[in-house]
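Sequences and hints are given; from them, build the entire structure.
Residue numbers (the UniProt record's numbering), protein chains in the order written: chain A, 1 to 355; chain B, 1 to 355; chain C, 1 to 355; chain D, 1 to 355.
No lab work stands behind these hints: they were computed from the structure.
One should not assume that every hint holds.
[As the list claims (entries may be wrong)] Straight-line Cα separation of at most 27 Å, DSSO-like style, residue types lysine-lysine; simulated pairs:
id: 1; chain 1: C; residue 1: 266; chain 2: A; residue 2: 63
id: 2; chain 1: D; residue 1: 266; chain 2: B; residue 2: 63
id: 3; chain 1: A; residue 1: 45; chain 2: C; residue 2: 286
id: 4; chain 1: A; residue 1: 253; chain 2: B; residue 2: 210
id: 5; chain 1: C; residue 1: 255; chain 2: D; residue 2: 253
id: 6; chain 1: D; residue 1: 63; chain 2: B; residue 2: 267
id: 7; chain 1: B; residue 1: 76; chain 2: B; residue 2: 33
id: 8; chain 1: C; residue 1: 76; chain 2: C; residue 2: 5
[Said to hold, decoys possible] Not the full set, but computed from the structure, chain D residues with beta-carbon under 8 Å of chain A:
id: 9; residue: 22
id: 10; residue: 176
id: 11; residue: 177
id: 12; residue: 181
id: 13; residue: 183
id: 14; residue: 184
id: 15; residue: 185
id: 16; residue: 186
id: 17; residue: 188
id: 18; residue: 189
id: 19; residue: 191
id: 20; residue: 192
id: 21; residue: 243
id: 22; residue: 258
id: 23; residue: 308
[What the hints assert, rightly or not] Chain D residues, not near chain A, derived (Cβ > 10 Å throughout):
id: 24; residue: 3
id: 25; residue: 6
id: 26; residue: 53
id: 27; residue: 77
id: 28; residue: 88
id: 29; residue: 179
id: 30; residue: 199
id: 31; residue: 221
id: 32; residue: 257
id: 33; residue: 270
id: 34; residue: 278
id: 35; residue: 320
Quick reminder that beta carbons are idealized off the backbone N, C-alpha and C, glycines included.
Protein chains: 4
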Amino acid sequence: MGGKKVAGVLGATGSVGQRFILLLADHPDFELKVLGASPRSAGKKYVDAVNWKQTELLPEFAKEIVVCECKAEFFKQCDVVFSGLDADYAGEIESEFVEAGLAVVSNAKNHRRDPDVPLVVPIVNPEHLDMVASKKRGFIVCISNCSTAGLVAPLKPLVEKFGPIEALTTTTLQAISGAGFSPGVPGIDILDNIIPYIGGEEDKIEWETKKILGTLSADRSKVELIPSDQMKVSAQCNRVAVSDGHTECISLKFKNRPAPSVDQVKKCLADYVCEAYKLGCHSAPKQTIHLLEQNDRPQPRLDRNRDAGYGVSVGRVREDPVLDFKMVVLSHNTVIGAAGSGILIAELLLAKKLI
Amino acid sequence: MGGKKVAGVLGATGSVGQRFILLLADHPDFELKVLGASPRSAGKKYVDAVNWKQTELLPEFAKEIVVCECKAEFFKQCDVVFSGLDADYAGEIESEFVEAGLAVVSNAKNHRRDPDVPLVVPIVNPEHLDMVASKKRGFIVCISNCSTAGLVAPLKPLVEKFGPIEALTTTTLQAISGAGFSPGVPGIDILDNIIPYIGGEEDKIEWETKKILGTLSADRSKVELIPSDQMKVSAQCNRVAVSDGHTECISLKFKNRPAPSVDQVKKCLADYVCEAYKLGCHSAPKQTIHLLEQNDRPQPRLDRNRDAGYGVSVGRVREDPVLDFKMVVLSHNTVIGAAGSGILIAELLLAKKLI
Amino acid sequence: MGGKKVAGVLGATGSVGQRFILLLADHPDFELKVLGASPRSAGKKYVDAVNWKQTELLPEFAKEIVVCECKAEFFKQCDVVFSGLDADYAGEIESEFVEAGLAVVSNAKNHRRDPDVPLVVPIVNPEHLDMVASKKRGFIVCISNCSTAGLVAPLKPLVEKFGPIEALTTTTLQAISGAGFSPGVPGIDILDNIIPYIGGEEDKIEWETKKILGTLSADRSKVELIPSDQMKVSAQCNRVAVSDGHTECISLKFKNRPAPSVDQVKKCLADYVCEAYKLGCHSAPKQTIHLLEQNDRPQPRLDRNRDAGYGVSVGRVREDPVLDFKMVVLSHNTVIGAAGSGILIAELLLAKKLI
Amino acid sequence: MGGKKVAGVLGATGSVGQRFILLLADHPDFELKVLGASPRSAGKKYVDAVNWKQTELLPEFAKEIVVCECKAEFFKQCDVVFSGLDADYAGEIESEFVEAGLAVVSNAKNHRRDPDVPLVVPIVNPEHLDMVASKKRGFIVCISNCSTAGLVAPLKPLVEKFGPIEALTTTTLQAISGAGFSPGVPGIDILDNIIPYIGGEEDKIEWETKKILGTLSADRSKVELIPSDQMKVSAQCNRVAVSDGHTECISLKFKNRPAPSVDQVKKCLADYVCEAYKLGCHSAPKQTIHLLEQNDRPQPRLDRNRDAGYGVSVGRVREDPVLDFKMVVLSHNTVIGAAGSGILIAELLLAKKLI
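Right, here's the structure in full:
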């Protein structure tokens, strides 16, 4: 039974930390009690420590919480700790938290490639969470890179239904909110402009996709990455003048012949119901994939908030002269691509009695 | 001899027509004398007929020209007629002009697929202009679609050097100026947004590329299109919040093995000198392809005006896990992608003594 | 008691009409049953007639409603009819509806200056609604111009507390959603640009302010406009690259000396509770005016959705070297500046037993 | 005579410094020989030290110049030194340069309020440069704040013709390039947004206007500021999503009655010829003030480059219900509002034989 699980947030004053706080306000499963930030902020009330830059108001409950440093000793009461730490600090601090027996759900990239750390998009591969069942002490679950999250959402049902994907390309048009705001992308770089490069992003997509779509080993201790010669992934990443919502123009080729028809692909996407929804998780999208038939959709401004940002929109499914199919995928980068996934992962951990 | 060739412009009040007028101001080879527009504008001075919306002032010489209707009889004195007509009118009017013995350089799509009409990107396939040598009467030369122009620029030297391209993909991020301004793309559709669809555009890219890179027949009477089974082309087109400059993330695979190295590809691009420059054409870019080594370039705001918009920028040349290479191509859609190409085509026609 | 009032919408496929439909979905007081649009749309299901362009999905209830023409005979069952008609049609159609005994709440400008028609910003001058009490048959209530609505919100409490305003200036930075989307503001006109002109807007602000802040006559039959020599109003209107939310930099001078202090002005604004809230109207803002103390606020992206867009944000209240005070006012142009005001007006009519 | 004057640039790697370098390329009067920057950059070739972010290519001549530290000893050969230093460093360094007998033209704010330093907008108050004639050693001339420059341009001819201005208000819509790019305005703050505050800007406008429009004392040793009780100035400053070009909505009231007519005001503006043009200065605008009659102009994207950015555009001149007149002023903030003014000031110093 009884009562909510206690939650903490690391990196609480940053952009991801602020999103964690918004999503935990009035959450039915979790009560946020501990906020950790840099020594500069520690000791201050959160309302005084934060430069709040969300479109929703700072929730009342968080204002008076006194910020602590990001040390495990201050988070002992937490059933789960959400980390929005910068990569510069996340590696070491999160490891310390695990040592201290804490459950960490992290948005940082540092531990994503650790063999014993599940890398999870909650609407895609919740089964990978089973890896933490055997952990005697604390553990980390990593949230995927934002543009990877959107990409793998439609891939999962397609692979389940039609078998392996042999080749996959994505050209991303990514929102600036993904770069944070301290300072993130300079205005002069993005107004009337595109930046055809995001440091490290292409490599993240190409690698993480193979882990997220990989298979849990029989003993549930690790994930078998899809070998690069079995699934070729190529990403081209761009930053564009969009506030929220990553658009990806993807193409893919199945291994099995004959390939399915366009209608079969569409039906498979539209029918997909993620496990988190079946398990009754609070934040799980009612419709995991919104299949759009108008030829000019999805569009970030109009479609990014489907199912509060937990649903992924897919449109323009059509045959591709080079690979088998091409389509456009839109996902909300700060929800399913970051903090929102963290919350849904924690809900899954709870549903699976892993916290 | 002597004197400049006389030029006319069809669709003179539209966005492409306005660009023709700007580019013909103080041109060393052409003197613009005739401006044709709709019956609504005919009879007015150009300054009174036009809603001028360029960043440069309306040239003095054009202000007092009295606009005529788009009938061949009014253009008899013209050595060359530039057409910026809408597709709704271009087909019939341009055919009438050819019947009347006039040389038309058109930005409209209507005649691009006519077997005996050259479809020319002047920095790419000027040799296709030889098709008009045998014409007893008038002729049309078509300017390519804007996003096709940028795409084929780096392909030409690569094909010349390394042989046929077997597969080609492009995901475009296209500027709104390409949609004109009556009204073009609505502001509410493009602010904080992407439109992942441009009507007819993907088909144009996929078809026109095969004509532009096709081979002139031995008798110079037509172009042999590259068959679809020899060169697969796939395009995904997006409209983004950029004023001028189309960015394309392309990937390509050569037919011949082994494929060249990245350094060979780069050198080939950097070394390319277009024939128009060798022929001394006034508007030809000194550097046809600007090869950029910084990893975050080309960017439309910073790079679109290289060589007054006649040069194409290519960056991020690297290996592609799925095809052979990927790279980013930037071209100025209203210059090399539209009116500017028209002017340079006319300069080539003059250099080749075809007008 | 009994059941909800029946509502209809005129101009249901337009941008304002779409907003009315969203706001009436699940409304506790009204049930939307009749949708009127142009003859072109009449006879179609709404889902087939509309080009839905809202960030929220088209509500299920509206999809199957068969659109009718905008004739009073089809709206007989309606207790209130919301009009989002274009000014080209609104004048005549709305008059016909009044003739037929219907209560119309209109966003169109046509009847705003009619002496017997109340022009109402529901958080400002609900008392003007009393004018309709004596109407034997139907009546119109006009929603104010969007930029006027934001402007008068802080003026009302100030005038109540400190007496007449002698001089008032506003320079507006207006969102593009106010111009609709057929096509509204062209993208090429607003990207990297400002349009320092909105047709008719300055005159609307300068005139409507004097009616909204005017006094209801003793017999409640009309409003006495504030004479121009007692209150001078000057507006300068600009369209900027903002999707929703009008920002106004205003200055004002009180008639009475000594003028209040900055702190008195701030307190007066923060303390203001609009009558609609006191009456328990469903959509009334809990906080009518959000007084912001950070010097870089209000900002449209961050602050436009306060109280679901019914609250107005005011910041940077400070002394003005030329008049008495200057401040920045932000209001949501499609909520309190248009359809939202219409809904709240209807709630007020209901609370006042005028429908 | 003989040969060009030698020029140096302080803060050469910053955004203002980069603009100085562009404007000095191929300049008929100046040869740029010395580039000073931070110790971090010193010793490197300029091409290696700079993160070049201009739309024009880095001029060849500057690439190989070895950057030095900002110490006077390295600039001894310079006839004029242009300073683009940050305010954090400018005060002390520029003073040291004056001590060393150098002529400094500075874009920094530090010395603008020094009584013996002229604050000059070259198309407005070149006569203030006479203050430096008596200087035995070096001197500083300060470029005004960018938004002040645009504001005072139309005021000067009006004051000359119609006498003192008693009250003046301006609401600015300022471009982001004015904030530099390290990082300048964050993209997330300016996309779909306005920031209604620019630190220190309003005070600069309100103060600098009184110095620039002030009168040179009889002995030419100082400028008499216009007393605040004789000229009231009020500014409200906003940052908007525009790359280059500050738009200002201004209102003004003359002291003398009767006030001139709108036509008189327009004629006065259109007729103004700045002294720099009469003196034949290379960069002086042929038309100082471009008076626009279309009601939706000036617009930054279309009008900011008049006379290469040295001309100021004024539109919408009309009567103001509160003061006498209102109008819209557009100026290019990085040209007449910053580096460009510096170059034209140096040209004036040369024409006046002050360097």
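Comparing the hints with the structure gives:
1. For the hint linking residue 266 of chain C to residue 63 of chain A, the alpha-carbon distance of about 23 Å falls within 27 Å, and the restraint holds.
2. For the proposed pair residue 266 of chain D and residue 63 of chain B, the alpha carbon gap of about 23 Å is at most 27 Å, so the pair holds.
3. At most 27 Å may separate the alpha-carbon atoms for a hinted pair to count; residue 45 of chain A and residue 286 of chain C meet this at roughly 26 Å.
4. For the hint pairing residue 253 of chain A with residue 210 of chain B, the CA-to-CA distance comes to about 23 Å; that is within 27 Å, so the pair holds.
5. For the suggested pair residue 255 of chain C and residue 253 of chain D, the alpha carbons sit about 19 Å apart, so the restraint of at most 27 Å is met.
6. Only pairs whose Cα atoms come within 27 Å are accepted, and residue 63 of chain D paired with residue 267 of chain B is accepted, the gap being roughly 23 Å.
7. Note on residue 76 of chain B and residue 33 of chain B: the hinted pairing holds, with a Cα-Cα distance of about 11 Å set against a maximum of 27 Å.
8. Between the alpha carbons of residue 76 of chain C and residue 5 of chain C the distance comes to roughly 13 Å, so the proposed pair stays at or under 27 Å and holds.
9. With 8 Å as the threshold, the beta carbon of residue 22 of chain D stays out of range of chain A, its nearest partner Cβ sitting at about 16 Å, so the hint is violated.
10. About 5 Å separates the beta-carbon of residue 176 of chain D from the nearest beta-carbon of chain A, less than 8 Å, and the hint is met.
11. For residue 177 of chain D, the suggested interface contact is upheld, since its CB lies about 6 Å from the closest CB of chain A, less than 8 Å.
12. Residue-level restraint check for residue 181 of chain D holds (minimum Cβ-Cβ distance to chain A is 5 Å; threshold 8 Å).
13. Interface hint status for residue 183 of chain D: upheld, as the beta-carbon distance to the closest one in chain A is roughly 4 Å, under 8 Å.
14. Nearest Cβ of chain A to the Cβ of residue 184 of chain D: about 5 Å, under the 8 Å cut. The hint holds.
15. A least Cβ separation of about 4 Å between residue 185 of chain D and chain A falls short of the 8 Å threshold, and the interface hint therefore holds.
16. Taking 8 Å as the C-beta cut-off, the interface hint given for residue 186 of chain D holds, the closest approach to chain A being about 4 Å.
17. A cut of 8 Å between beta carbons decides the hint on residue 188 of chain D: the least distance to chain A is about 5 Å, and the hint holds.
18. At about 7 Å, the closest approach between the beta carbon of residue 189 of chain D and any beta carbon in chain A falls short of 8 Å, and the interface hint on this residue holds.
19. The interface hint given for residue 191 of chain D is met, as the beta carbon of that residue sits about 5 Å from the closest beta carbon of chain A, less than 8 Å.
20. At its closest, the beta carbon of residue 192 of chain D sits 6 Å from a beta carbon of chain A; the interface hint therefore holds under the 8 Å criterion.
21. With a cut of 8 Å, the hint placing residue 243 of chain D at the interface with chain A holds, because the nearest CB-to-CB distance is about 5 Å.
22. Of the supplied interface hints, the one on residue 258 of chain D is violated, with its beta-carbon coming no nearer than about 45 Å to a beta-carbon of chain A, more than 8 Å.
23. Using the Cβ-Cβ criterion of 8 Å, the hint placing residue 308 of chain D at the interface with chain A is not satisfied: the shortest such distance is roughly 20 Å.
24. Against chain A, the non-interface label of residue 3 of chain D holds: every CB pair exceeds 10 Å, the least being about 37 Å.
25. With a least beta-carbon separation of about 32 Å from chain A, residue 6 of chain D lies farther than 10 Å from that chain, consistent with its non-interface assignment.
26. Not every C-beta of chain A lies more than 10 Å from that of residue 53 of chain D, the closest at about 8 Å, which undercuts listing it as non-interface.
27. Consistency note on residue 77 of chain D: stated as away from chain A, and its beta-carbon is indeed over 10 Å from all of that chain's, at 34 Å minimum.
28. With a least CB separation of 18 Å from chain A, residue 88 of chain D remains clear of the 10 Å interface cut-off, as annotated.
29. A Cβ of chain A approaches the Cβ of residue 179 of chain D within 10 Å, the least distance being about 8 Å, so the stated non-interface status is violated.
30. The claim that residue 199 of chain D is not at the interface with chain A holds, since no C-beta of that chain comes within 10 Å of its own (minimum 15 Å).
31. With 10 Å as the threshold on Cβ separation, the claim that residue 221 of chain D sits away from chain A holds: the shortest Cβ distance comes to roughly 41 Å.
32. Residue placement check: residue 257 of chain D keeps its beta carbon more than 10 Å from all beta carbons of chain A (closest about 45 Å).
33. Residue 270 of chain D, annotated as away from the interface, keeps every beta carbon of chain A farther than 10 Å; the closest lies near 31 Å.
34. No beta-carbon of chain A is positioned within 10 Å of the beta-carbon of residue 278 of chain D; the least distance is around 36 Å.
35. Every CB of chain A is more than 10 Å from the CB of residue 320 of chain D (nearest about 32 Å), matching its label as outside the interface.
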